[in-house]
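My request is simple: use the sequences and hints to build the entire structure.
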Amino acid sequence: MRFAVIVFPGSNCDHDAYYAAKEVLGQQAEFVWHKETDLRGADAVILPGGFSHGDYLRTGAIARFSPVMDAVKTFAAGGGPVLGICNGFQILLEAGMLPGAMLRNRGLKFVCEHVHVRVEQTDTPFTFACRSQQVLRMPIAHGEGNYFTTPEELRRLEQNRQIVFRYVDAAGVATEESNPNGSLQSIAGICGERRNVVGLMPHPERACELSLGSRDGLVMLESVLKAHAAGALAAAGSASV
Amino acid sequence: MRARVFVTLKPSVFDPQGKTIVDALHSLGYGAVEDVRQGKYFELEVAADSTDKARSMASEVADKLLANPVIESYRIEVEGK
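Chains as they are written, first to last, in the working numbering: chain B, 1 to 241; chain E, 1 to 81.
For lysine to any residue, the following SDA-like pairs were computed, each having C-alpha atoms within a straight-line distance of at most 25 Å:
hint	chain 1	residue 1	chain 2	residue 2
1	E	K64	E	E79
2	E	K64	B	G96
3	E	K64	B	W33
4	E	K40	B	E144
5	E	K19	B	Q185
6	E	K64	B	P67
7	E	K40	B	F110
8	B	K109	E	T8
Partial selection, computed: residues in chain E whose CB lies under 10 Å from chain B:
hint	residue
9	V13
10	F14
11	P16
12	T20
13	K40
14	E72
Honestly, the hints are just simulated from the structure, not real lab data. No residue lacks a Cβ here, since even glycine has one placed at the ideal position from N, Cα and C.
Okay, structure coming up:
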């Protein structure tokens, strides 16, 4: 399986994502510079964490105009799996590929710590191998992760089961204290209506080996690999890019 | 022609920065300042031959880039020559 890791100016988790896909998962991985217009036959796309374009204006606001984003949109429209991690999630929101927007964290602090999230939906390519309600321990590192959307959109997200991850405590219960940034309904990650585009603030790629303090994130990459092997992903790759 | 674009969070959206600033003002003794909303201010130099055209151009770029319609609204002032 081939992973494309998109590199924007200011991405800083691109090497982590590349390493996790290539060395830990044992798959092919390639960096794709944001000025490129071709995903080179990728089977899955990762928009990595970081501070694309210095987070100027709003997080992800400039990156969404990068030439590569047209290819990513075409890939996603064909059903290809796209994972946005942290800044990658923010870019997906700004690009309109996922609904909602990010506000400054409640309390204004840049929050850098391990958190627990509960897997709410297992029918996405990146949670395919998870158990329902499985609790994963992964790091977060962001200043703008306070997920916000309109009440109508929130209802749609719930009706369509698009809330994929919620911040919870170690026991799997969502509480005021387990919500690190003030996100609406403790939302840590969502998917699009077609479920193939997933964005989350925690960093699964930084939680793939025990030496990093947790390997709970690996199941997300194993998910897309299993989904790919099972033919559960639309044949988007070569046809659309 | 100069267009000024003022972007602020919508009234329905909590502004954690504004809240922090108003708290600081209260601790400085400015209890009369009841609320603060923080926003962004842009000055656009627009090549346009009428204020209407400059305004519509400013509005277009505000919609496309300067403001995020999910959380923000904006106001435009155009200064003629």
